[in-house]
Amino acid sequence: MTLPILPTTVVGSYSMPSWLERLKTEYFARRISRQELDEIHDTVVKAAIKDQEIAGLDIITDGELRRDNMIDYFIERLPGVQIDRGSKKFYYDFYDSEVVGKIPMASLGLAADFRFLRENTERETKICITGPHSLTKRIRNKFYPSEEALATDIARVLNLELKDLVKAGAKFIQIDEPYYSGFPEDLSWGVGVLNTLVEGVEARIALHVCYGNRYGKPSWAGSYQYLFPRILDAKVQQLSLEFARRGGEDLELFRKFPAPFELGVGVIDVKTEDIETPDIVAARIRKAAQVIPPERMLVLPDCGLFHLPRNVAFAKLRAMVQGAKIVRQELGR
Amino acid sequence: MILHLNHTRRDSAVPATSEVVGTLLSLLEEGQLDAAQFARLQIHLDWIQYRQNFREAVTVMRAPEDRDGTALPLEIRIDGRQVAPGSLREPVQRALSPATAERRAGQDRLYLEEFCSFRKSIAWEFNRLYWYRLKEWEQATGREYEQALPGGQSDGHNPQAISDTVADFWTLLKDMESRKQLPEEIFVLEMGVGMGTRAGLWLDRFLDLDHERSTNFYPRLRFLLGDYSLTTLERSRPAVRMHLDLCSFIALDALDPIRTLSFLRHKILHVHASNMYDNLPDEEIVRRDGRIYWVQVRAYLPVADVARIAQLCEVPAAEVAKTVTRLLDVGPECLADASQGAKFWQEVWASLRLEERIVNLEDLRESPFPAELSSSQLEEILRNAPSDLRFHLSSGALESFRNTLPLLHPRGYLQVQDIFVTDLNEYSMGFHGPGKLEGSIVNWVNGTLLREVAERAGYDVHFAPFHYRPGSRTSVLYTTQRE
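Chains as they are written, first to last, in our numbering: chain A, 1 to 333; chain B, 1 to 483.
I should point out that these hints are in silico values taken from the structure, not numbers from a laboratory. Since the model is a prediction, treat every value here as computed from it, not as a measurement. Mixed in with the good hints there might be a few duds.
As the list claims (entries may be wrong) - BS3-like cross-link-like pairs, simulated, lysine-lysine; straight-line CA separation at most 27 Å:
{"hint": "1", "chain 1": "A", "residue 1": "K137", "chain 2": "B", "residue 2": "K180"}
{"hint": "2", "chain 1": "B", "residue 1": "K267", "chain 2": "A", "residue 2": "K137"}
{"hint": "3", "chain 1": "B", "residue 1": "K343", "chain 2": "A", "residue 2": "K256"}
{"hint": "4", "chain 1": "B", "residue 1": "K135", "chain 2": "B", "residue 2": "K267"}
{"hint": "5", "chain 1": "B", "residue 1": "K174", "chain 2": "A", "residue 2": "K137"}
{"hint": "6", "chain 1": "B", "residue 1": "K174", "chain 2": "A", "residue 2": "K287"}
{"hint": "7", "chain 1": "A", "residue 1": "K325", "chain 2": "A", "residue 2": "K287"}
{"hint": "8", "chain 1": "A", "residue 1": "K235", "chain 2": "A", "residue 2": "K256"}
Claimed, not checked - Here are some chain A residues the structure puts well away from chain B; computed CB gaps all over 12 Å:
{"hint": "9", "residue": "S18"}
{"hint": "10", "residue": "P104"}
{"hint": "11", "residue": "N159"}
{"hint": "12", "residue": "A289"}
What the hints assert, rightly or not - Listed below are several chain A residues computed to face chain B (Cβ distance under 10 Å; list not exhaustive):
{"hint": "13", "residue": "R115"}
{"hint": "14", "residue": "E185"}
{"hint": "15", "residue": "Y215"}
{"hint": "16", "residue": "T272"}
Just so you know, even glycine gets a beta-carbon here, dropped at the ideal spot from N, CA and C.
Work out the full structure: start from the sequences and follow the hints.
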């Protein structure tokens with residue numbers, strides 16, 4: 001399938017309905033069964049896919065609605081990570097987790113999620129996984145000599161997972177590493193770990209770095225200046241960054257450091273329920289186009305839509321798609 | 001019958017309790033109270049903390065007829081402070097009479113509104129009027145607001161407490177600077193500044209500390225003073241006169257600070273408020289027999305007071321209700337002689353009472369919960385709470401809190417000094433408002449609900465008792481980032 005210029009997509013997650021939050025919490029309180037929750041998840045994922053299609057997105061995800069949060073979905077599947085299952089009061093809380101021995105190689109089973117997505121849409125698809133740096137920051141390390149060593153072993157396990165995803169047909173994979181922004185000093189080894197993660201993975205790899213979206217608010221502040229020049233060594237094809245909420249000042253970095261990547265430009269502020277107009281979106285795309293050719297640009301929200309009400313998330317996506325169309329028309333494409 | 005003795009004073013509890021029990025038993029024996037009514041009767045005998053409040057000595061709270069004919073909750077609340085020895089029988093008898101409510105209409109009470117949620121009651125319009133026309137009130141009473149506070153001054157002005165909070169803030173700035181995270185402009189917001197005393201002391205101390213430690217943070221400070229109106233804010237200007245270059249005075253809706261300050265979303269490093277949440281519109285909820293009831297109120301003036309006020313302020317008795325409406329519209333100018341209008345204001349406020357009834361939540365047409373709190377969340381919170389409970393929803397405080405959090409920088413924090421209930425069990429142990437403080441309303445704030453709302457918004461909330469003044473009832477709420 002050929003994508004248009006300025007293809008539109010989500011960063012990963014779609015709106016989490018409050019009723020689903022309650023049901024997930026009911027599951028943790030053992031008031032509904034795993035089978036019931038799985039059926040509920042299948043239903044809401046189908047709905048999220050349909051909403052993205054109706055909004056007009058070019059690349060679709062499963063909305064990540066099976067996930068409690070961006071960390072636990074992975075660490076509860078990572079072999080060798082011990083989890084305190086009683087540590088959650090609300091489904092969205094993080095588990096307390098620790099690693100006390102070497103992490104063995106094993107499958108996480110994410111390909112099943114991808115296959116479900118693939119079976120339910122004709123559009124291009126994307127699957128997103130949380131990167132080893134961010135996972136490492138949430139696991140108490142009681143075995144490895146350093147965070148880098150732990151992250152490297154996680155990357156090796158996830159590398160097999162990415163290859164499984166490619167076997168299942170995944171062509172577009174996104175790695176989420178928001179914790180880079182909280183720990184910029186880690187970037188010196190973080191990029192090496194990232195390269196271990198993607199080594200030999202025959203897919204288009206995107207790296208998403210934002211300033212956090214936990215509870216729908218930023219976890220850190222600052223400038224993307226810290227990414228450069230180290231990030232230029234990352235063996236990825238696309239870098240996805242947030243620009244809508246923070247303004248476009250950091251776009252100038254791409255003038256200073258011509259990057260070998262495509263740029264996923266965040267044009268939708270996911271931390272406010274105010275809905276952008278297509279004109280605002282178009283203006284943000286034009287601004288980015290001053291430093292990155294439109295042919296190397298993707299259009300997406302700043303981060304996941306998880307915390308926004310469904311009607312707001314949907315309206316924002318529609319505005320984003322229409323804004324991209326305006327610029328495509330201007331470009332005659 | 002269940003008798004709850006709440007927060008009673010030792011010296012008044014024994015005779016009052018004996019009198020309550022004796023009165024009810026004699027009414028039962030005389031047949032003036034039937035056995036079924038007696039069986040489900042709940043009596044709350046409180047020693048009311050606020051001498052000025054909205055209750056008569058004996059207040060009855062009824063529930064309207066239930067659809068399935070289930071026994072209705074009935075509750076009598078007795079203010080131990082207002083009860084004179086030997087005076088209970090008549091008001092209790094009157095409270096128990098089924099015809100009481102109907103008989104009172106137009107007879108011994110002048111109603112000023114229909115039953116409504118407390119938050120929508122005109123009591124809050126009086127509160128608003130007080131803050132907008134504080135100067136006139138103070139002139140009329142010859143007493144400033146702070147003189148009415150316990151101890152004659154606000155705990156928020158304690159110099160040592162301020163010095164410690166400045167030191168904490170400085171430590172945060174220093175840490176951010178060492179991590180190269182300190183923004184060029186350091187935004188601080190003080191909400192409900194009043195006379196500006198705390199803001200002035202805080203800035204003085206910050207400047208001194210900055211000089212002592214040669215950090216040069218002070219010139220980067222942007223200090224925002226927020227309050228009801230520019231007129232109110234004008235009163236705070238002298239207190240910060242040495243720091244005017246970095247102060248901005250902003251008329252702010254305490255319920256919705258982000259609306260005014262949206263340009264500072266995620267940018268403010270420290271937000272502080274003292275004695276503000278206790279003065280925001282509130283509602284109350286009752287849980288009884290496994291059901292949730294909403295407390296509705298109806299403001300009234302006792303007819304005896306109406307006659308007295310009419311004579312004192314030279315207003316025809318039949319015109320008192322209309323004059324109250326005008327007062328709330330235009331202030332003391334409701335009467336040709338504004339000083340007479342101010343007197344009318346004070347007298348009406350002193351006499352203002354609230355009649356109560358409870359309504360089954362299922363019978364309300366629309367969900368009355370504020371956007372910050374869903375009914376399912378409340379159910380979850382109440383799971384481990386006492387089964388028989390009346391508590392504040394603190395909806396105004398919740399709204400203000402939720403609309404302040406988005407202003408915080410990722411490293412920023414909110415501090416609120418107020419009177420908090422931090423455990424729902426405390427509601428079983430005493431009366432926590434509303435009371436009257438000068439012309440304003442004072443209410444304890446439900447910290448348990450704030451904690452819950454904060455958790456869902458990504459913050460942990462902690463309460464530290466205010467240890468700088470022995471006997472202080474205030475505590476300090478502060479937020480930390482929730483992982």
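Cross-check of the supplied hints:
no. : hint            : verdict
1   : K137/A / K180/B : 21 Å, holds
2   : K267/B / K137/A : 25 Å, holds
3   : K343/B / K256/A : 71 Å, violated
4   : K135/B / K267/B : 34 Å, violated
5   : K174/B / K137/A : 24 Å, holds
6   : K174/B / K287/A : 36 Å, violated
7   : K325/A / K287/A : 15 Å, holds
8   : K235/A / K256/A : 20 Å, holds
9   : S18             : 7 Å, violated
10  : P104            : 27 Å, holds
11  : N159            : 27 Å, holds
12  : A289            : 26 Å, holds
13  : R115            : 33 Å, violated
14  : E185            : 9 Å, holds
15  : Y215            : 3 Å, holds
16  : T272            : 8 Å, holds
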